[in-house]
Amino acid sequence: MSPPVTPAPARARRMEHCMGTVFTVDIRDSGRWDEAMSDVVHWLHHVDGVFSTYRPDSDISRLQRGELAPVDADPDVAVVLDLCARYQAVTGGWFTPHLNGRIDPTGIVKGWAIERASDLLRECGSAHHVVSGGGDMQLAGEAAPGCPWRVGISNPRDGQSVLEVISVRDAAVATSGSAERGAHIVDPFTGRAVDALSSVTVVSSRLTLADAYATAAYAMGEAAAQWLETTDVDAALVVGSQGTRCPVSAWSAMVAPMPQPPSW
Amino acid sequence: LRRIAVSIVATITGLVLLLSFKTHGLGGTTAPAAALASPTGSSTPAATTGSGKAKHTSKSSAKHATATTSPTHATVSTTTGDAVQTRYGPVQVRITVKDGKLTRVEPTEYPQTEPRDVQINDYAIPMLDREALAAGAATIDVVSGATFTSDGYISSLQSALDKAGL
Numbered sequence: 004m005s006p007p008v009t010p011a012p013a014r015a016r017r018m019e020h021c022m023g024t025v026f027t028v029d030i031r032d033s034g035r036w037d038e039a040m041s042d043v044v045h046w047l048h049h050v051d052g053v054f055s056t057y058r059p060d061s062d063i064s065r066l067q068r069g070e071l072a073p074v075d076a077d078p079d080v081a082v083v084l085d086l087c088a089r090y091q092a093v094t095g096g097w098f099t100p101h102l103n104g105r106i107d108p109t110g111i112v113k114g115w116a117i118e119r120a121s122d123l124l125r126e127c128g129s130a131h132h133v134v135s136g137g138g139d140m141q142l143a144g145e146a147a148p149g150c151p152w153r154v155g156i157s158n159p160r161d162g163q164s165v166l167e168v169i170s171v172r173d174a175a176v177a178t179s180g181s182a183e184r185g186a187h188i189v190d191p192f193t194g195r196a197v198d199a200l201s202s203v204t205v206v207s208s209r210l211t212l213a214d215a216y217a218t219a220a221y222a223m224g225e226a227a228a229q230w231l232e233t234t235d236v237d238a239a240l241v242v243g244s245q246g247t248r249c250p251v252s253a254w255s256a257m258v259a260p261m262p263q264p265p266s267w
Numbered sequence: 027l028r029r030i031a032v033s034i035v036a037t038i039t040g041l042v043l044l045l046s047f048k049t050h051g052l053g054g055t056t057a058p059a060a061a062l063a064s065p066t067g068s069s070t071p072a073a074t075t076g077s078g079k080a081k082h083t084s085k086s087s088a089k090h091a092t093a094t095t096s097p098t099h100a101t102v103s104t105t106t107g108d109a110v111q112t113r114y115g116p117v118q119v120r121i122t123v124k125d126g127k128l129t130r131v132e133p134t135e136y137p138q139t140e141p142r143d144v145q146i147n148d149y150a151i152p153m154l155d156r157e158a159l160a161a162g163a164a165t166i167d168v169v170s171g172a173t174f175t176s177d178g179y180i181s182s183l184q185s186a187l188d189k190a191g192l
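Those protein sequences? They're chains V and C, same order as listed.
Last residue of the first sequence: 267 (my numbering), numbering continuous.
Last residue of the second sequence: 192 (my numbering), numbering continuous.
Treat the hints as calculated values from the structure; they're not laboratory data.
As the structure is a computational prediction, the values presented were derived from the model and not from experiment.
Careful, some of the hints might be misleading.
If you anchor each label on the Cβ, the simulated ranges turn out as follows [as the list claims (entries may be wrong)]:
(1) 134(C) to 85(V): 28 to 36 Å
(2) 134(C) to 192(V): 52 to 60 Å
(3) 134(C) to 161(V): 19 to 27 Å
(4) 134(C) to 78(V): 52 to 60 Å
(5) 56(V) to 134(C): 40 to 48 Å
(6) 52(V) to 134(C): 40 to 48 Å
(7) 134(C) to 149(V): 49 to 57 Å
(8) 134(C) to 65(V): 53 to 61 Å
(9) 134(C) to 68(V): 55 to 63 Å
(10) 245(V) to 134(C): 37 to 45 Å
(11) 134(C) to 93(V): 50 to 58 Å
Just so it is clear, CB atoms sit at the ideal spot from N, CA and C, and this is done for glycine as well.
Start from the sequences and build out the full structure, keeping to the hints where you can.
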């Protein structure tokens, strides 16, 4: 018998440089998605224009310099600062939008923008897609009918190999770590860069939460896994500086087997 | 010495992921059937492999891929990827998939102009094949990791997946 003939699945894919990293939008529904893709790309650049701390003309930079009144800022600024305050409270201050006395919602903006981009695609009729940016992602539906999304967790030690693979549907995955940018997450209470952990990956239904929690847990260091157990995240993986892996909540149940190489 | 090893692993892993991606696109384990590699020929999938395979192959970045059905229904296909420029020179690999599983990664081109390159590659490449298989045999849709920068994206696993999807 010949193998069943399956038509190549419909896909639309786009990569976009924005916010100092690269975003990938991968739609698995059939149909034409040019317009929706453009909307997503436009949205991401809009967010960058409003929130970038690198751009002197962004709303955030102008607010910082006192050149823009909060009421005159883009309405999304209030939305994001409100989210920051909420996550600062629920993480006991381990996630904070304040750095060296400056407002810096960067820690949450990318995840939030991705989550909203996914919502935008859903509004355009896409039920199965992934929007990812710089290693964080919102996954909608499935990769293919009956096949969950398979997410490789990058090895924080080299960034080039896959540590584990998890299978998820309708989920968000965020990883915080020091892999490429060096130790860029600081302990909000001491202001020092943290390095007790290699990475923290959090799985939740929404990326804004997953992102904020991953950042907070990474900053906590040794206490990360214990704290994550007390939260409502679906699952997490804490990788210690020596490579020890600590699965949290449903993580182990999500892990997909890594096929072994043949012996030859 | 260590750097070239890492560089080649990244490249091979990328190509392995590329292949995994294709297999996944075809519906996981029901990969098309059997064959013989034709490294220099153009893509000529047998009729029995169905339009899915033909379509997918033409879209992928692989240059040559051939698959035909054998009487025993063993499923083997061989694909030669595009040569990838690394800082040490071009690297190209040929990949063999049997019954939906990656069974072989053979570099067809890699830096060997310097005697030192040859010396390193002689022991590094067989080892790297195995590492690449271990790292990339799983079908992955997307990669989560600490934030990469625009520059770092080029060498990231996500970039390898994105290339495979184009």
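Verification of the supplied hints:
1. Judged by the Cβ atoms, the range 28 to 36 Å given for residue 134(C) and residue 85(V) is violated: they are separated by roughly 56 Å.
2. Between residue 134(C) and residue 192(V), the C-beta spacing of about 55 Å keeps the proposed range 52 to 60 Å intact.
3. Between residue 134(C) and residue 161(V) the beta carbons are some 25 Å apart, a value that agrees with the proposed interval 19 to 27 Å.
4. Our hint of 52 to 60 Å for residue 134(C) and residue 78(V) holds, since their Cβ atoms are close to 56 Å apart.
5. Distance hint check: the CB atoms of residue 56(V) and residue 134(C) are about 46 Å apart, consistent with the given range 40 to 48 Å.
6. As the Cβ distance of residue 52(V) to residue 134(C) is approximately 46 Å, the hint placing it in 40 to 48 Å holds.
7. A hinted range of 49 to 57 Å is violated for the C-beta pair residue 134(C) and residue 149(V), which are about 36 Å apart.
8. With their beta carbons about 55 Å apart, residue 134(C) and residue 65(V) fall inside the hinted range of 53 to 61 Å.
9. Separated by about 57 Å at the C-beta atoms, residue 134(C) and residue 68(V) satisfy the suggested range of 55 to 63 Å.
10. The hinted window of 37 to 45 Å between residue 245(V) and residue 134(C) holds, with their beta carbons roughly 38 Å apart.
11. For the pair residue 134(C) and residue 93(V), the supplied restraint of 50 to 58 Å holds, since their beta-carbon distance comes to about 54 Å.
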